[in-house]
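Student: Each chain, letter by letter, is given below.
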Amino acid sequence: MSVGAPRGLASSGQKPITEILHPLSAAEEPLSPGPDVTIRVGGEKDLGLTNGTPVESSSPSSASFNRLQLDDDSEADARDPYASTETRDLFVTVDDPKKHVSTMETYITYRVSTKTTRIEFDLPEYCVRRRYQDFDWLRMKLEDSQPTHLIPPLPEKFVMKGVVDRFSEEFVETRMKALDKFLKRVADHPVLSFNPHLNAFLSAKDLNKRQGLALLSKVGESVKQVAGGYKLRARPLEFCAMGEYLDTFTQKLGTIDRIAQRILKEQSEYLTELREYGTVYSSWAGSEEELQRPLEGVAGCVTTCCGAMEDLSENMSQDFLPVLREYVLYIESMKNVLRKRDQSQAEYEGRLEAAILRKQEDRTPMPVEVEKCQDKVECFNADLKADWERWQGNKRQDFKQLLTGMADKNINYYEKCQAAWESLITLLQDKQTEDKSSDTN
Amino acid sequence: MRRVAAPPAVHCLSSADSSVQVIMADSGSSEEVAVIGNTDITSTESENNLINTMVERGSALLRKMEISVAEAEKRTGKNTVNMQETYTVYLIEVRPAETVPDGGTPAAPDTLWRRYSEFELLRTYLLVTYPYVIVPPLPEKRAEFVWHKLSADNLDPDFVERRRVGLENFLLRVASHPVLSNDEIFFLFLTEEKGWREAVLETGFQDKVDSRLKSLNATFRVKNPDKRFTALKQYSDELNTVISQLLRVRARVADRLYGVYKVHGNYGRVFSEWSAIEKEMGDGLQSAGHHMDTYAASIDDILEEEEHYADQLKEYLYYTDAVRSVCKKHELMQYELEMACQDLAYKKQQKEELVSGTVRVFSLKGMTSKLFGQESPEQRESRLAALDENIQEGEEAVLAKNSECKEFVRTAWGDIERFKEQKDRDLREALISFAIMQIGMCKKGIQVWSNAKECFNKM
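Line by line, the protein sequences are chains D and W.
Just so you know, we're using the working numbering here: the first sequence kicks off at 1 and counts up by one.
Just so you know, we're using the working numbering here: the second sequence kicks off at 1 and counts up by one.
Note that these hints are calculated values from the structure, not bench results.
Computed from a predicted structure; not experimentally measured.
Worth double-checking, as some hints may not be accurate.
20 Å max Cα-Cα, derived DMTMM-like pairs, lysine to aspartate or glutamate [said to hold, decoys possible]: (1) Lys423(W) x Asp311(D); (2) Lys279(W) x Asp398(D); (3) Lys443(W) x Asp311(D); (4) Lys78(W) x Glu140(W); (5) Lys409(D) x Glu118(W); (6) Lys395(D) x Glu278(W).
Sample of chain D residues facing chain W (criterion: CB under 8 Å; computed from the structure) [to be verified]: (7) Val128; (8) Arg131; (9) Tyr132; (10) Asp134; (11) Glu269; (12) Tyr277; (13) Trp284; (14) Glu290; (15) Leu291; (16) Pro294; (17) Glu296; (18) Glu422.
Far from chain D by the CB rule (all over 10 Å, computed), these chain W residues [as the list claims (entries may be wrong)]: (19) Lys74; (20) Arg142; (21) Asp156; (22) Gly195; (23) Pro225; (24) Arg228; (25) Arg252; (26) Val253; (27) Asp300; (28) Asp424; (29) Ser450.
Note that the Cβ used here is the ideal one computed from N, Cα and C, for glycine as well.
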C-alpha cells in the first residue's frame, strides 16, 4: 500500500522534474495517514512536512505513542528532537555495547533495534548486532546511491591508539550515542530511509558487504561518472549562500569547540586546587576543639562542590563536545555534496554548450544526454534545497537542545553547591543558638 | 606610663601553698624553692574572675566613644634622609557615643591623621608594656598571599582600602580589650595628633624592647616548662602553619576560578558572530551571548568580596605571632626564675659546706685551704656572713621572680582564655560568612544560566 505520493526513490531522473512530486514538497500533497498507520493512538495529527522547521508538537498522543511503541530508553526518546514532529513508521535504536574478543581482533558491537510498519520490511521488528565498520559501510553506500542528498555524519573513525582508550566506558558511550543519532537521522529522512542498503543494514543477519547489493540507483551511478574538465559558469545564488554559510558556521563551531576545551582545562585545574583546599580545612579541624565541627563541615562542602564540578566537566566532554564535532563532520560532507552539485551543473553546461555549437553546424536536434544532464541538475538542486531546509530545521533543534542542555548542567552544578552550603549554615547556626542557650542556663 | 592595676592577688610563698613542688634536677634537694609549672588555678576559676571585670572594663572606653578610621589620603613629604616620599595617612575619627535626639545633628567628630608607622609604634609600645597580653595585630604591611589580579602595590587603592578597614579593626580590638583600652598612650593616640610621639618615647618603653627581643630570639632551655604554655605555643604554631597554607591555596583557587569565569566571556563574542549568519536562531544566540558576558564579569565582585574573608583569616594568622610572643616571654621569665633558684641553691650549698667542713663543691678557696692549711676562725666567720647575705639576697630575688612569674601566668592565662573564646567566635562567624558568600555566588550563577537558558529556548 502506498501512502500518498510515491515514496520510492523519487529522484529517479526519468521524468522531467515538473511532473515528479517531490516527497519533500509541502503544499501540494499533504501525506495523509494511510491504513498502515491506523495502529496509532487516536488524535494523532499529521503535521505534514513543512519546509523543514519542525513544529514542536504539543499533542500528547504522539509522545505517548512513542512510548507505547518502543520499550526503549524513554530518555533517549525524549531527547530525540525529531520524535514528535513527523509521522513516523520506522523507529531505530542503537544501544547495548558489547566487547568481542577474537584471535584476530577485539571490537565492540552494538545492538540495532528496529520497529516498523513499512511494507519494505518483511518483519515488523528486527534486532541485529553491528559494529562501527558496518555503519561506515552503510554511510558509504548511502553516499554512493544518494549523492544528491545530505547524509548525516558518523563519529570519527580513527582514534589515536595511545591517546584514547577505544574500550573505555566513556568513549564507547559517546560513540554509541553518535551512531544512534546517525541512524535516527537516516531513518527520519523521507528519501534515505527507503534506501535498500538501510533495509539490509537493519534486517540482514549478516551484512555481506563485499557482495554489494545490486541496486537501482541510476542517478547515483551517472552522477558519479561526472566527466572532469567542466568548469562551472555561474553558481546559483542560493547555493553560494549555502556554501558561505557552511564555511562561516564551521568556523564558529571550531571556535566554540576551542572555548569549551579551554573551559574544561580551567575547570580541571580549579578542581585540583579546590581538592587541596578541602584537605587543608580538614587538617585544621584536627587541631581545634570548638571549631572542629564547623571546619569539617566546610571541608565536606568543598568536597561536595568538587564532585559537582567533576560531573559538570564530564558532561561537557561527553555530551557537548562530541555533538559539536559531529556537526563539523556533517558540514564537511555537505560541502562535498555542494561540490558534486557544482560538478553536475558544470557538466550540463559544458555538454549544452557543445550541443548548441553542433546544432548550429548541422541542425541536429538536442541530444538526449543533454536533456538527461539538465534533469539531473534540476533534481540535484531540488533534492539539495529540500534537504537543506530540513537540515537547517534539525540543526536549530539540535543546537537549541545542546545549548539548553549546557545551561541546565551548569544550573544543576550551582544548585548542588548551594544546597551543600545552605545545609552547612543551618548546622553552624544551630550550634550557635545551642551555645547561646547553654550560656544563659 | 600608666599600667593597669590588675586585681592584686600576689601569692606569698608558703609551705601551705598547694602548688606543685618542683625538684631541681641537679641539686638533689627537695626544698621548696620555687613554684613553677602548673599552678592550681583552674581555668574556669580564672575565667570567672576575669570575665566579669573584662566585660565591665572592656567596653568602658567604647561606651564613651565611637572610633573609626574614616579615610585614607596620599601625602608627599621629605623623610628623615631628606628624600621625597609618598605615603598614605589615615583619618581617625572619634566621636562621643551618645544617642542623638531625633532631628538633632550628631556632634562633629574629633579627627586626626596617622600613618601606618605610627600604628606600628603604638603596637610596639603595647607589646612591651603589657607583655602578658595577646596584643591585636596590625593589617599586613605588604600585600601577601595575592592572587594574580590583586595588586601587590602598597599604593594601590584596593590595598589601601583594605588596610583602612584593617586599621579600624585594630583600634576597635584594642578599645574593647579589658586591659589595653585603659592605657593612656592609646587614648592619646586617638586624641593627640601632635604631641603623641614624644609622649610615647617619654614612657621609656624602648628600654624594655631589648628584653622583649631577647625573649623572642633567644634559644635558652627551660628545665620544667609549663605544660599549658607549651601546648599553647604548639597550637599557635600549628594554627599559623595551617592558616598560611589555607591562604596560599585560597589564592590559587581564586586564580583558577577567575580563569573559568573569564573564558566564558568568549562565548559572548562567538555567539554574537554566529547570530549574524542565522535567521531564527539569531536573537536567542545574541542575547544568550550577553548573559555569558555578564557571567564572566561577575567573578570580579565575587572575588573582591572573598578578600574580606581572607582578611579575617589573616588577622588570626598574625594573632598567632602575638600568642607565640606571650609564650616566649613566659618562657624567658621562667628561665630567669630557674636561674635564680639555681643560683640560690648553689649558694646554700656553699654555706653548708663551709659549715660542715666538707668540700662537695669545688671552690678555689676550698682547694687553697686544703693545700695551704685551714683558714682562721675569723676568716671563716666573715665568709659565712657574706654568704648569708648573698643567700638572703638570693631568696629575695627568687621570691620576687616567683611572684612576678605567678602574676604573669595568672594575667596571661586570663587573656589567653579571653582570646580563645574570641577566636572561636570570630572564626565561626567568618566561616558562616564564607558559606553565605558561596551561596551568593551559586545564586548568581543559577540566575545567569537560567537567563541564558531562556534565550537558548527562544532560538
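Student: Please go over all the hints and tell whether each is borne out by the structure.
Tutor: Comparing the hints with the structure gives:
1. Lys423(W) x Asp311(D): violated, 37 Å
2. Lys279(W) x Asp398(D): Roughly 15 Å between the alpha carbons, so the hint for Lys279(W) and Asp398(D) holds.
3. Lys443(W) x Asp311(D): Status holds; Cα separation ~19 Å.
4. Lys78(W) x Glu140(W): violated, 24 Å
5. Lys409(D) x Glu118(W): With a Cα-Cα distance of about 54 Å, the restraint between Lys409(D) and Glu118(W) is violated, given a limit of 20 Å.
6. Lys395(D) x Glu278(W): At roughly 11 Å apart (the allowed maximum being 20 Å), Glu278(W) and Lys395(D) satisfy the hint.
7. Val128: violated, 37 Å
8. Arg131: Hint violated; Arg131(D) Cβ to chain W Cβ min 36 Å, cut 8 Å.
9. Tyr132: Check failed: Cβ of Tyr132(D) comes no nearer than 31 Å to chain W, outside 8 Å.
10. Asp134: violated, 35 Å
11. Glu269: holds, 5 Å
12. Tyr277: With a closest approach of 5 Å, the Tyr277(D) hint holds.
13. Trp284: holds, 4 Å
14. Glu290: Cβ of Glu290(D) sits 4 Å from chain W, so the hint holds.
15. Leu291: holds, 6 Å
16. Pro294: The hint holds - Pro294(D) has a Cβ within 8 Å of chain W, the shortest such distance being about 5 Å.
17. Glu296: At 11 Å from the nearest chain W Cβ, Glu296(D) fails the 8 Å test, so the hint is violated.
18. Glu422: Where the cut-off is 8 Å and the nearest Cβ of chain W is about 6 Å from Glu422(D), the hint holds.
19. Lys74: holds, 36 Å
20. Arg142: Holds: least Cβ distance 23 Å, greater than 10 Å.
21. Asp156: The claim holds: Asp156(W) sits with its nearest Cβ about 25 Å from chain D, beyond 10 Å.
22. Gly195: Given that every Cβ of chain D is farther than 10 Å from that of Gly195(W), nearest at about 44 Å, it holds.
23. Pro225: holds, 20 Å
24. Arg228: At about 15 Å from chain D, Arg228(W) clears the 10 Å cut-off, so the statement holds.
25. Arg252: Its Cβ does come within 10 Å of chain D, the nearest being 5 Å, so this is violated.
26. Val253: violated, 5 Å
27. Asp300: Consistent with the label, Asp300(W) stays out of reach of chain D, its closest Cβ about 16 Å off (over 10 Å).
28. Asp424: violated, 4 Å
29. Ser450: Per Cβ check, Ser450(W) is inside 10 Å of chain D; nearest 6 Å; violated.
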